[in-house]
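Please take these sequences and the hints and turn them into a complete structure.
Quick note, the sequences are listed as chains A and B, same order. Heads up, the first sequence is in my numbering, so the first residue is 1 and it goes up one at a time. Heads up, the second sequence is in my numbering, so the first residue is 1 and it goes up one at a time.
Hints listed in this document are in silico derivations from the structure and should not be mistaken for laboratory results.
Within a straight-line C-alpha distance of at most 30 Å, the following computed BS3-like cross-link-like pairs (lysine-lysine) qualify:
1. A:42 to B:246
2. B:318 to A:126
3. A:307 to B:311
4. A:126 to A:112
5. B:246 to A:307
6. B:311 to A:294
7. A:112 to B:272
8. B:275 to A:112
9. A:126 to B:272
10. B:246 to A:112
11. A:121 to B:246
12. A:130 to B:272
13. A:42 to B:301
14. A:294 to B:318
15. B:275 to A:126
16. B:246 to A:130
17. B:224 to B:321
18. B:301 to B:272
19. B:272 to A:132
20. A:132 to B:275
21. A:40 to B:275
22. B:311 to B:224
23. A:286 to A:273
24. A:114 to B:275
25. A:307 to B:318
26. B:295 to A:40
27. B:246 to A:126
28. A:42 to B:275
29. A:286 to A:253
30. A:114 to B:272
31. B:275 to A:130
32. A:294 to B:321
33. A:126 to B:311
34. A:42 to B:272
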Amino acid sequence: MSSAEHLIKQKFQQFYLERNRTLFSPPAASQREYGFLLFKGKFMVRHRTFKNPETLLTAIRDLSPAHVYFSTAYYQDPTASMDQKGWLGADLVFDIDADHLDTPCTIMHNWKCKACSTVGKGSAPKTCPKCKNDRVEIETWLCDRCLQEAKEETIHLLEMIFSDLQMGDANLSVYFSGHRGYHVHLHSEDFRMLREEQRREIVDYLLGEQLDPSLQGMEDVPEGGVLILKGPQWGEPGWRGRMVRGIYEVLTKEGENLGLNQAQLKVINAWDKANFFTKPFWSSLKGINAGTWKNIVQRAVRETAAKIDSVVTSDVHRLIRLPGTLNGHTGLLGVNVPLERLDEFDPFIESIAFPEGQVKITVKDSPEFRIGSQNFGPFHDEKIELPTAAAMLLLCKHKAEPTS
Amino acid sequence: MLTRADLAKYPFVAEATDYVRELGFSIDEIATPEFSPVLDRAERRLEEALSKSQISVEVSNESAEILSFPVSNLILGLIGDERARRRFALAEAKRAYDLLRQESPEKLEHIATTTFGWRLERLDIRLGLRLYDFGLNLADFLRNSVHLREPRWNLPNRVLNHGLVYVTREETARLMEEEVRMRVLERSSKVPASVPQPLGSKVERARGLVIKWLGIPTQYELPKVPMPDAMPPCIRHLIDNLNEGKNVQHMGRFALAAFLLNIGAGDEEIVKMFKPATDFSERMTRYQVEHIGGKRGGRTKYTCPMCTTLKTHGVCFKPDKICDTIRNPLSYYKRKSRILSGKGPSREFS
Chain A
1 MSSAEHLIKQ
11 KFQQFYLERN
21 RTLFSPPAAS
31 QREYGFLLFK
41 GKFMVRHRTF
51 KNPETLLTAI
61 RDLSPAHVYF
71 STAYYQDPTA
81 SMDQKGWLGA
91 DLVFDIDADH
101 LDTPCTIMHN
111 WKCKACSTVG
121 KGSAPKTCPK
131 CKNDRVEIET
141 WLCDRCLQEA
151 KEETIHLLEM
161 IFSDLQMGDA
171 NLSVYFSGHR
181 GYHVHLHSED
191 FRMLREEQRR
201 EIVDYLLGEQ
211 LDPSLQGMED
221 VPEGGVLILK
231 GPQWGEPGWR
241 GRMVRGIYEV
251 LTKEGENLGL
261 NQAQLKVINA
271 WDKANFFTKP
281 FWSSLKGINA
291 GTWKNIVQRA
301 VRETAAKIDS
311 VVTSDVHRLI
321 RLPGTLNGHT
331 GLLGVNVPLE
341 RLDEFDPFIE
351 SIAFPEGQVK
361 ITVKDSPEFR
371 IGSQNFGPFH
381 DEKIELPTAA
391 AMLLLCKHKA
401 EPTS
Chain B
1 MLTRADLAKY
11 PFVAEATDYV
21 RELGFSIDEI
31 ATPEFSPVLD
41 RAERRLEEAL
51 SKSQISVEVS
61 NESAEILSFP
71 VSNLILGLIG
81 DERARRRFAL
91 AEAKRAYDLL
101 RQESPEKLEH
111 IATTTFGWRL
121 ERLDIRLGLR
131 LYDFGLNLAD
141 FLRNSVHLRE
151 PRWNLPNRVL
161 NHGLVYVTRE
171 ETARLMEEEV
181 RMRVLERSSK
191 VPASVPQPLG
201 SKVERARGLV
211 IKWLGIPTQY
221 ELPKVPMPDA
231 MPPCIRHLID
241 NLNEGKNVQH
251 MGRFALAAFL
261 LNIGAGDEEI
271 VKMFKPATDF
281 SERMTRYQVE
291 HIGGKRGGRT
301 KYTCPMCTTL
311 KTHGVCFKPD
321 KICDTIRNPL
331 SYYKRKSRIL
341 SGKGPSREFS
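Okay, structure coming up:
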């Protein structure tokens, strides 16, 4: 273990040892599998079970792991090997991660060639300009903009869950992961027994994957001897209405090309968009035929889909971060975000685990960042003393070493 | 709600099971003359399914029509031939579909909710050209729709509103067909402890029918040495990408390794394939290949992911004609290797 890891582990332990510390306890906590990623050797301890939150906390206090996970699945015997566990169902979970979003600020982030360690700023080149290797890695950073986008995407996902997927009884929680994303957990008897292939259908639905507009109501209908293009209208349920809202969004966006020619663009620009809300518009735009509409719809679907991580939702044996525990990538807490507070939730304030003290560190290189209401950096080869939470972030991100 | 004529049409419904129970007949009575129409009809049900994948509706003797259904299942359970069970389940399901799609919404709703336990709501909503009679609970929909391959059954192509999938009357009947198929398959899988004496000769005759119509089960052996020409487009694309030093995502790597292991490639051969990968680590790759092969970790030998999974994760690549007929890259390989080795396309019974 490096000296940074020693210090992080020690701080984590202090955090968990606090007398009033309690952990989040998922429903049917004793039917879950738990796993810990240790600092030492990046070793994963898994297939564990705990009778109650107290024994789990004791184990965490002992091990002081970098990450704590629990299974979204329920098992008869969580400690058995994978095929002997006796699967009893799983929560339906969604993961929104800034890494999967096309955040505009990637241009401000750094990249690094894993082969020759060349670093650069801005959007990463396909191959390293120095050694021509393609192992160029984008450095993820905890930036306001990325997390804001992730939060907006989460809100968008929730809207889709509530309007399309949701059945009455489901109990839904949102968590900030302590790093670059949000998790949504749905505890529902209805969804619990869904198998992988069934969950994948839900994934495809939320992503609008392989959506065929002609099966969502876009079709030529004979009317008075001629074929008239008809399609869904504003306000209709599911993808029908969403498709129309998406079209409105992309058509009213500035600078979208949409593969239209000059004449078509002219027609669109001249068209009164208020018509969207009131009357059928599919056949009222001159020069825009079914083929063109399909391209626009494709773009509209991409615009309005919920950009979830497809693997997390379809995996029925997933281990996922236990809320209330520390994230070893940042030193921040994975926390529950009450739905009504999601809008105003500030991850840089509300997930701080180490609000007190100062730590002396030597920073190699770090972009600017915010912790609490204070901005820090950028730093370059300097010895400084920072508030613990800020120092922990740099230590966890391998940007700094403790100053001896 | 259901008449005896209905039970004859739908012998899988809960009321038909009650009816049989109330008659209280024991297996020994099966040999008595008054049961011979039941036994005959049970045998004909099987023969119709095996010979033309279609079972007729005989309304002239309602109780024989009702009672013969469990007897057919019993015989199939005793024979234990998977191909025959699948064929029978499919034929019974199609028979049900042909009848169900002519029924009133009320009757569909009754059978779906009482026998299948579906949560189904009457909607009568018109959207575009379609009249949606029902909203079906999402989980109930998915349990059945995932077996259906037309694009209209994919969830992104459905209307989904507050956990209800809008379905037309015809679609409801089609999903019920699927539910019937699964249930019949399940029923005929129950093997009774011993062959009830009076059924002995019937079982032997049915066994003969299975061989007559389906032949003696043969196991097509995959080629001993992996046959690159028989690999599906997605797998070949993955190999090409690796060779060109392009990055292949986790699911693609997993699919490739699992595929190769399942067609009999050796661990070393597979590890070598990953060498061009930019982040190649021999130790890690070997461990993972062995893990997928069931030699490490959880000791589960993994099979290749289904085509639907590969589609979701963007691994599917330029599907061709054979792809339309299979659901797993391994089936593609099996079929194509058979064609390439001159053994001709197989008869498929599933």
